[in-house]
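A.B. asks: What follows is each chain in one-letter form.
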Amino acid sequence: MSTHSIIGKSIPLTDTPGKVTGLGIYANDIAVPGMLFGKILHSPHAHARIVRIDTSKAEAMPEVKAVATGRDTARPYGVLPIGHDENALAFDRARYIGDNIAAVAATSEEAAERAIELIEVEYEVLTAWTDPLVSMNAEKDWIHENRPHNIEKEYKHEFGNLEEGFAQAAFVREERYVAAEINHAAMEPHSTLAVWEPDGRITVHSSTQVPHYLHRTIADVLELPMSQVRVIKPMVGGGFGGKSEVIPLEVITPVLAKKARRPVKITYTREEVFYAHRGRPITIVDLKMGLTREGKISAVAARVIQDGGAFGGYGPVTVLYSGALLGALYDVRNLRFEGRRVLTNKPACGAMRGHGTVNVRFAFESLLDMLARDAQLDPAEVRRRNLLQAPCITVNGLRVTSYGLPECIEKAVERSGWREKNGKLPYGRGIGIACSHYVSGAANPIIRSNMPHTTVNMKIDRDAAVTVFTGASDIGQGSDTIQVQITAEVLGVRPERIKLVAADTELTPVDLGSYSSRVTFMAGNACLEAAKNMREQIFAAVAKKFGCAPEALEARHEEIFVKNDPAQRMPFDEAVVRAIDFHGTLVARGSYAPPEEARGGKFKGAGVGPSPSYSYGAQTAEVSVDPETGEVTIHRVVAAHDCGKALNPVSVDGQVIGSVYMGLGQAMQEQMEWNEGRLMNPSFLDYKIPTTLETPPIESIIVESEDPEGPFGAKEAGEGSLAAAIPAVANAIYDAVGVRITTLPLSREKILAAIREKRKREQAAGGSKKTGGAA
Amino acid sequence: MSLPALHVVRPKTVDEAVRVLAQHGPQAMILAGGTDLLPNLQMRLYAPQVLVALKEISGLRGARAAKDGALRIGALTTLSELLAEPVVRQKYAVLAKAAATVAGPLQRNMATLGGNLCLETRCRWYNQSHFWRQSLGGCLKKDGTVCHVAPGGKRCWAVWSGDTAPALLALDAEIEIAGPAGERRIPLESLYRNDGMNRIALQAGEILTAVLLPAAKAGWRGVYNKLRLRNSIDYPLAGVAVAMDVDGGGVCRDVRVAISAVNPAPLLVHQAGETLIGKKYSRELIERVAHAAIQRGKPLTTSGSTPVYRREMLELYTRRGLEEVWGGRTHSADRND
Chain R
1 MSTHSIIGKS IPLTDTPGKV TGLGIYANDI AVPGMLFGKI LHSPHAHARI
51 VRIDTSKAEA MPEVKAVATG RDTARPYGVL PIGHDENALA FDRARYIGDN
101 IAAVAATSEE AAERAIELIE VEYEVLTAWT DPLVSMNAEK DWIHENRPHN
151 IEKEYKHEFG NLEEGFAQAA FVREERYVAA EINHAAMEPH STLAVWEPDG
201 RITVHSSTQV PHYLHRTIAD VLELPMSQVR VIKPMVGGGF GGKSEVIPLE
251 VITPVLAKKA RRPVKITYTR EEVFYAHRGR PITIVDLKMG LTREGKISAV
301 AARVIQDGGA FGGYGPVTVL YSGALLGALY DVRNLRFEGR RVLTNKPACG
351 AMRGHGTVNV RFAFESLLDM LARDAQLDPA EVRRRNLLQA PCITVNGLRV
401 TSYGLPECIE KAVERSGWRE KNGKLPYGRG IGIACSHYVS GAANPIIRSN
451 MPHTTVNMKI DRDAAVTVFT GASDIGQGSD TIQVQITAEV LGVRPERIKL
501 VAADTELTPV DLGSYSSRVT FMAGNACLEA AKNMREQIFA AVAKKFGCAP
551 EALEARHEEI FVKNDPAQRM PFDEAVVRAI DFHGTLVARG SYAPPEEARG
601 GKFKGAGVGP SPSYSYGAQT AEVSVDPETG EVTIHRVVAA HDCGKALNPV
651 SVDGQVIGSV YMGLGQAMQE QMEWNEGRLM NPSFLDYKIP TTLETPPIES
701 IIVESEDPEG PFGAKEAGEG SLAAAIPAVA NAIYDAVGVR ITTLPLSREK
751 ILAAIREKRK REQAAGGSKK TGGAA
Chain Y
1 MSLPALHVVR PKTVDEAVRV LAQHGPQAMI LAGGTDLLPN LQMRLYAPQV
51 LVALKEISGL RGARAAKDGA LRIGALTTLS ELLAEPVVRQ KYAVLAKAAA
101 TVAGPLQRNM ATLGGNLCLE TRCRWYNQSH FWRQSLGGCL KKDGTVCHVA
151 PGGKRCWAVW SGDTAPALLA LDAEIEIAGP AGERRIPLES LYRNDGMNRI
201 ALQAGEILTA VLLPAAKAGW RGVYNKLRLR NSIDYPLAGV AVAMDVDGGG
251 VCRDVRVAIS AVNPAPLLVH QAGETLIGKK YSRELIERVA HAAIQRGKPL
301 TTSGSTPVYR REMLELYTRR GLEEVWGGRT HSADRND
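Protein sequences appear in the order of chains R and Y.
Start counting the first sequence at 1; every next residue gets the next number (the numbering used here).
Start counting the second sequence at 1; every next residue gets the next number (the numbering used here).
Hints are not guaranteed to be accurate.
[Stated by the list, open to error] To give an idea of the interface, some chain R residues facing chain Y are shown, with a C-beta separation under 7 Å as derived from the structure:
1) 109
2) 270
3) 271
4) 680
Keep in mind the hints are simulated off the structure, nothing from the lab.
Every value quoted in this text rests on a predicted model; they were computed, and no experiment measured them.
The beta-carbon is built from N, C-alpha and C at its ideal position, and this holds for glycine as well.
So that you can see chain R by itself, here it is in the shape it has in the complex (with noise of 0.2 Å):
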């Protein structure tokens, strides 16, 4: 594939000048004339019924212009069709402590925050739910009248035939492993401008992941034709699921907007950024396996049950995908899952980077490590004994396109030397291995319909720029640099030709948004589909001129040529000319909808976790354990990633090493701390994102398999490598001090406690292995 000019090289990003001179604007650094700054007043009760609310006081400062209230607000909203049951002002009840009660909008922020102040609400506190498996045995209280005993959503599936699976393994463990719930801390607060325009249309620019979704959420509750809502992503400073459904400053400003009939712009608080929250759930999986004496896996059975927070959001995919992908990374026959959302008193959780599938992959990695050690074998040999034969249906209906896991593990293992490290370290030092997948893209919509999932339009005109009108929303992942790249390399020309237009709803058509790793597989499809049907158009007129068939064009370097005869050449402004000559302004169209074939099973549940491909990873970690502390230095991460092939490879790197980061903090150290519905720890000071000087040095290593579907083979590679690198560590711990901690964080308490329980029954048993000198 070498043939290629600008596919596969590591161009600069497109938005990286406007962020390292800082004059890149996000939402929050827009301001026009005669803007308001809005301020949200939040219930300082986890559940109350919300018994009357007095703004007479506010509204009676002159610095404020509107007030809003749950009335304003009263069409119910959610991501999912099936879930409407969010209000971005609370109608009737509060559901969390810092739940959104009223607005103001002043000409201020100093005069906003004065008159959140002056609103009186007087609350009927109700019993708060906030332990999901107390939760869900309630009997009274429920957080919404129609989901009895607080559960929003249950599950199960089942594959094949457990019985039997189970009675053929030589060994079989059940664990439960608890994950810690934790937040996107994407740099960026959430920050909402909308501007009210004279003619009544609203513009809402917005740090969103998907303004189609904003677009449709603004027109309905604003009860607005769509055709008179525009939605603009700003660039964004990280969305990681966070941004990627409805945020209720995001409904409250346009709300305020127009009461005010002046712009109005709110940004959160990073502490209000820990209400709107929508991360990932706190998650009870309890997993049981069976492994022959050969090593393969005979059997999975899980029980996950999540602790959704006080609205369903996207819960219901959450917990489906944690089932539906324990099926397409290793070859599993036999596989059940009971997954249950379960709705409590705190803020509402949502996707995040690795969607559902992340703690459970901890589960299965963790459990998979033990299994293989039970049957004496090398953990890394084990995962090659347990390959899918690609391509291939998955049990569970998933299908599998390309497959770089076998050389994943094999480049991972060979990196990290681990054939002579694992097993082989002194006490206090250890290696581990861990595997994960995700899906490139949904190959269902959310909102059931045939329409494309995303369309990219093009323009040329007489200045030979070539104009790219896509809705797909750069968040920082680097989907305008790809789709600029695509352009570049179809038509022959350079990428500083090309203009991207993104993500306005009022000039680019429909992409569904930032999510599930979709867009440079999606987007991708779509802008290959117009570049090539711009090229076609310019081939033509070409050819007309040199007699000969398009067919025999080539475009590269600035140029058009004849493939077997290169001295016939034109440079591309002047193709251009030629072409608009012909066709007028050159106007070409691309779409993308996933195959029939990749949209999955019948069964219920079964819409989500098919994909029209799968990444693939493999890592290793390796680390040190004090055992007088239990603090652990992490080494080293070696993080080999099948992205199908790697249209930016520094790109690549910046997402698989970004991916593994924000794994590391999930299972070091980061977690929101309830204490009865109240988070004790809403800001970056206390909850513990990692700095550079917890991070190893993590290698990436980039796979390519060359999906048969992506554009230029390309699939996802933002979001596969998270889930391994929490295992890897879990791993590598058990194989430096011998204990195995099942819950997050892996927490220095919980090492320390483990080492000394463990050495108390080696004592006890009188003998000890590798328990090492310290006292």
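Starting from the structure of chain R, add chain Y where the hints point.
C.D. replies: Coordinates of chain Y only, in the frame set by chain R:
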């Protein structure tokens, strides 16, 4: 929240600052580097009307030798400047090591030594936003009547979480204070009241102007061990400063050990001297001092991690600190930013 509306006064001399402070009484607060005060103001932990910014007063920055041979460090010296002083790095190892662990490089460029010695005490029930505290009905220290750390108690346990104070206690530092009644010089130890509510013994109108490191402590071996989850940014969950004077034969001539982040004040572990002076390295004696440290330290749920773990680490870090300065054993390389 945004900063409250404030009047900022910028005196040019210490005398003028003292005058302004005395004039406004409890309505005024001192602003040095602002790294502690400004976030606390955004959280509405206090409502002063006047901030007395010391930045424009000359002569409060830098280190120089005092008449008695002590090293006199101006209170407005930033922690970055302090770390750049060769004499501090070469002669007062424990201070250099402790200062290097404070917050992150950006904060150290702003934060001053005097400010670090006058830090507000911290508690996870107190260092929260106005909304957060209000939703809880406040706490004993602010806007409420109940201590959430020790319900039923009438004492505030908010914790001292400075890093340079234990190091300076280990060096037997003194401080200079300017006030309406003139200047006074006191041992640093007597600045701290071990009361979460009312942490330091500065009188109305008084300003901490300088720190004095005694000449007799120059060249002592020193180490500061800090328990924290991250190797930058974080406040200590426990801190142990150890300074020791060892003779050529390995005999401990003098030793001082101070602990931080486990009480409302940084505290000396007085048993260290009684136990170790005149002795040769002994694991057993070290254990006794480590044990004394946990008699002195009382970690509660004011901070992250668990009281049990912090107590254990306090003991271990004391032991490790003494082993390093006395037995030459290093446990882990410094991983500061």
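A.B. asks: Hey, does the residue 680 (chain R) contact hint survive, CB to chain Y under 7 Å?
C.D. replies: OK, holds: residue 680 (chain R) within 7 Å of chain Y, min 6 Å.
A.B. asks: Does residue 270 (chain R) meet its interface restraint, that is, does its C-beta lie within less than 7 Å of any C-beta in chain Y?
C.D. replies: Hint on residue 270 (chain R): violated, closest Cβ of chain Y at ~10 Å, above 7 Å.
A.B. asks: Does residue 109 (chain R) meet its interface restraint, that is, does its C-beta lie within less than 7 Å of any C-beta in chain Y?
C.D. replies: For residue 109 (chain R), the interface hint holds, since the closest Cβ of chain Y sits about 5 Å away, which is under 7 Å.
A.B. asks: Is the shortest C-beta separation between residue 271 (chain R) and chain Y less than 7 Å?
C.D. replies: At 5 Å from the nearest chain Y Cβ, residue 271 (chain R) passes the 7 Å test, so the hint holds.
In summary, the structure is inconsistent with hint 2 from the numbered list given earlier, while agreeing with all the others.
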